[in-house]
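Q: Full structure from sequences and hints, please.
From first to last, the protein sequence lines stand for chains F and H. For the numbering used here, add 5 to where a residue sits in the first sequence, where the first one is 1. For the numbering used here, add 21 to where a residue sits in the second sequence, where the first one is 1.
Since the hints were made in silico from the structure, they are not lab data. Any given hint could be a false lead.
[To be verified] Pairwise CB distance ranges (calculated):
(1) Glu99(H) / Glu458(F): 27 to 37 Å
(2) Asp82(H) / Asp298(F): 51 to 61 Å
(3) Arg78(H) / Leu319(F): 38 to 48 Å
(4) Arg78(H) / Glu458(F): 25 to 35 Å
(5) Glu100(H) / Ser401(F): 21 to 31 Å
(6) Tyr136(F) / Ala110(H): 52 to 62 Å
(7) Asp82(H) / Lys209(F): 42 to 52 Å
[Said to hold, decoys possible] Facing chain F, according to a computed beta carbon distance under 10 Å, are these residues of chain H, among others:
(8) Val56
(9) Lys59
(10) Gly61
(11) Ser62
(12) Glu73
(13) Asp81
(14) Leu87
Quick caveat, the model's predicted, so the values are computed rather than measured. Glycine included, each C-beta is placed from N, C-alpha and C at the ideal position.
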Amino acid sequence: MPETAAESPSAETAQPLTTEQQAIQQQRDQWTEANPGTSYRGSEWLNLGPEDIVHIQAAAERYGFDDVDRKSVEATYSKLKELGTGRETELRAKYEAEGYSGEAFEKLIKDKTAQTVEESRIGLIERALPYPENPKRRDIRKINKKRANLSAMLTKSPDDFATMQAEWSLYEDVQHTAELDRLHGEALKDDKGLKAGHERARIKSEMAELDDKNGGVLEFVADLPIEGDERTAEVLETFQEKARRHQEDEDLLDADSLQALNDFKWRLGELWAQQSATAGSRLTDEQIKTKGDEAAPYIEDWLAAIAENGGDPLAELASYKNKERAFENWDKRRRQAAEYLAPVIMMRSVRNLMSRQPESFAPEFSASATVKAVLDPNLIGEKNGASALRSQDSLSAEDAKVYKSGILGQLETARNYSRHQGNFMKGALWFNAITVGAYNSLSDYWDRLSEEEKKRELRKKMAGKAAVGTVLAKRIAAKAAQKAKSGGLFATKPAKEEP
Amino acid sequence: MQLDDAFYAGLGRELSEDQKQSMARKIYSQLEERVGEKLGSQLSAEQFEEFESLIDRGTDDLDTWLQANAPGYEQLTEEVFGQIKQEAAADPSRYL
Numbered sequence: 006m007p008e009t010a011a012e013s014p015s016a017e018t019a020q021p022l023t024t025e026q027q028a029i030q031q032q033r034d035q036w037t038e039a040n041p042g043t044s045y046r047g048s049e050w051l052n053l054g055p056e057d058i059v060h061i062q063a064a065a066e067r068y069g070f071d072d073v074d075r076k077s078v079e080a081t082y083s084k085l086k087e088l089g090t091g092r093e094t095e096l097r098a099k100y101e102a103e104g105y106s107g108e109a110f111e112k113l114i115k116d117k118t119a120q121t122v123e124e125s126r127i128g129l130i131e132r133a134l135p136y137p138e139n140p141k142r143r144d145i146r147k148i149n150k151k152r153a154n155l156s157a158m159l160t161k162s163p164d165d166f167a168t169m170q171a172e173w174s175l176y177e178d179v180q181h182t183a184e185l186d187r188l189h190g191e192a193l194k195d196d197k198g199l200k201a202g203h204e205r206a207r208i209k210s211e212m213a214e215l216d217d218k219n220g221g222v223l224e225f226v227a228d229l230p231i232e233g234d235e236r237t238a239e240v241l242e243t244f245q246e247k248a249r250r251h252q253e254d255e256d257l258l259d260a261d262s263l264q265a266l267n268d269f270k271w272r273l274g275e276l277w278a279q280q281s282a283t284a285g286s287r288l289t290d291e292q293i294k295t296k297g298d299e300a301a302p303y304i305e306d307w308l309a310a311i312a313e314n315g316g317d318p319l320a321e322l323a324s325y326k327n328k329e330r331a332f333e334n335w336d337k338r339r340r341q342a343a344e345y346l347a348p349v350i351m352m353r354s355v356r357n358l359m360s361r362q363p364e365s366f367a368p369e370f371s372a373s374a375t376v377k378a379v380l381d382p383n384l385i386g387e388k389n390g391a392s393a394l395r396s397q398d399s400l401s402a403e404d405a406k407v408y409k410s411g412i413l414g415q416l417e418t419a420r421n422y423s424r425h426q427g428n429f430m431k432g433a434l435w436f437n438a439i440t441v442g443a444y445n446s447l448s449d450y451w452d453r454l455s456e457e458e459k460k461r462e463l464r465k466k467m468a469g470k471a472a473v474g475t476v477l478a479k480r481i482a483a484k485a486a487q488k489a490k491s492g493g494l495f496a497t498k499p500a501k502e503e504p
Numbered sequence: 022m023q024l025d026d027a028f029y030a031g032l033g034r035e036l037s038e039d040q041k042q043s044m045a046r047k048i049y050s051q052l053e054e055r056v057g058e059k060l061g062s063q064l065s066a067e068q069f070e071e072f073e074s075l076i077d078r079g080t081d082d083l084d085t086w087l088q089a090n091a092p093g094y095e096q097l098t099e100e101v102f103g104q105i106k107q108e109a110a111a112d113p114s115r116y117l
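A: This is the structure:
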């Protein structure tokens, strides 16, 4: 393979052509002859031979190019020619079939790129949100829903993403006003007074228990248009009876069971059609059939579980729906109190990484920089810390308390990352690598770090945050106490002396 | 341990409020990083596990733990802060 474009087989200084290259040259000549007035550009504009193309293709497969043009291919070629191949035959056949035109080559890479980026995106999402071992249907549904949300976020167009960033920026500005901080504090206080977290967890636990008893599919079933009317009850009873017989016989589905299943699906389709008609849109027969087919296995699992564990299907379902409503109420309270935390973190991390150009990473790239970029991209800690550094004299004991709880909140976040950093950080870095900088090696870098190294960086980050935050909070509290002539905030140790 | 007006006045150049805020953020960030680096080399894996379990339990008394496991951490923080301030005073552009 040639080392540079000038040394490629088509350049004047190239070695004598191999048989294969002669064949390609012959095809090129045939192309020119068959297409008078056009120029065969396949290797002219890059001075590339077939092997080079294969290497670029391999690189495209591995990293993906968003917008392939001559310049980017030339630039990328020199960096990626070392990469492996494995698809030469297929590639060459396709390449040759398209007449070796430059346009065909561009299209080939663009198509492959789009495919690769899509595959990479799916891979990223799957790694970021893996299924648990031996997942139940409800686990799969939950994860799939999360994956869809993440995918929607990652596939926004540049314009939409910029809009989202602008909105987010506005949100951040507002978020940190003193008024909202105060409201946030009140919400947390209410949350604590009502024991919202405890109630929420209790109901969730009851729901999980009920769900287990019902085959682990109640979340899905609760979304189905099953009402507690007489006809529905009859259909379910019939189907349950058939299912029980089927189970006892340990036989394949008999004709009666099959009929019951079809009846049930049809009934379900009818209910869906009624519901969609109420909502102003009608389902087609095909849609009704598809929905019935999708729902059937869930219903089967549900009824089989009830047959085994005892209970009335509709009563179990009503109980679950009641708990679900209660949970949503508590969850809403909880979200109000924690409005600024969980949903913000991941979005900011991804946004921050995506907004950086790979060049800005490369010179200073280090494990701690990586940890920092992902762990604290929103600069909340730095912003509050900077305020504490600048205005200790004017801050009150209450401010010190708020600051201290902010530090503890960030440490909890850091702990959360330290438990889940593998998937999240790798996913974030990988996404950045494939979309922003095709030839950047961020993901490789992260892969090379051992688990111990990753953990050590996170721990250092936490230790620094804990130490600096604690010292500053103590200083502020001591100054406030000095002013107010009242006790400090820290029961364990009073502040020593003023700096 | 404070970035007061005297500090900014000593930089030998006029800074806007935004620049001051930006500088304070970078200094704070650098302070956390360097202190974390130093403590990271002092603490054992067992101590870190204890530290993490403390956070998991939701304690608000990190001071006691730090005093016991990283004695002198306050002084260390002050020293590092002093160093960074000196660096910033010598070359403000580094922190702008």
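Q: Determine for every hint whether it applies to the structure shown.
A: Evaluated hints:
1. Glu99(H) / Glu458(F): 27 to 37 Å: holds, 29 Å
2. Asp82(H) / Asp298(F): 51 to 61 Å: holds, 58 Å
3. Arg78(H) / Leu319(F): 38 to 48 Å: holds, 44 Å
4. Arg78(H) / Glu458(F): 25 to 35 Å: holds, 27 Å
5. Glu100(H) / Ser401(F): 21 to 31 Å: holds, 28 Å
6. Tyr136(F) / Ala110(H): 52 to 62 Å: holds, 55 Å
7. Asp82(H) / Lys209(F): 42 to 52 Å: Violated - the Cβ-Cβ distance for Asp82(H) and Lys209(F), about 30 Å, lies outside 42 to 52 Å.
8. Val56: Interface hint status for Val56(H): holds (5 Å vs cutoff 10 Å).
9. Lys59: Status holds, d = 8 Å.
10. Gly61: Gly61(H) check passes; min Cβ-Cβ to chain F is 4 Å, inside 10 Å.
11. Ser62: It holds, given that the least Cβ distance between Ser62(H) and chain F is near 9 Å, below 10 Å.
12. Glu73: Result: holds, 6 Å to nearest chain F Cβ.
13. Asp81: For Asp81(H), the interface hint holds, since the closest Cβ of chain F sits about 6 Å away, which is under 10 Å.
14. Leu87: Hint on Leu87(H): holds, closest Cβ of chain F at ~6 Å, below 10 Å.
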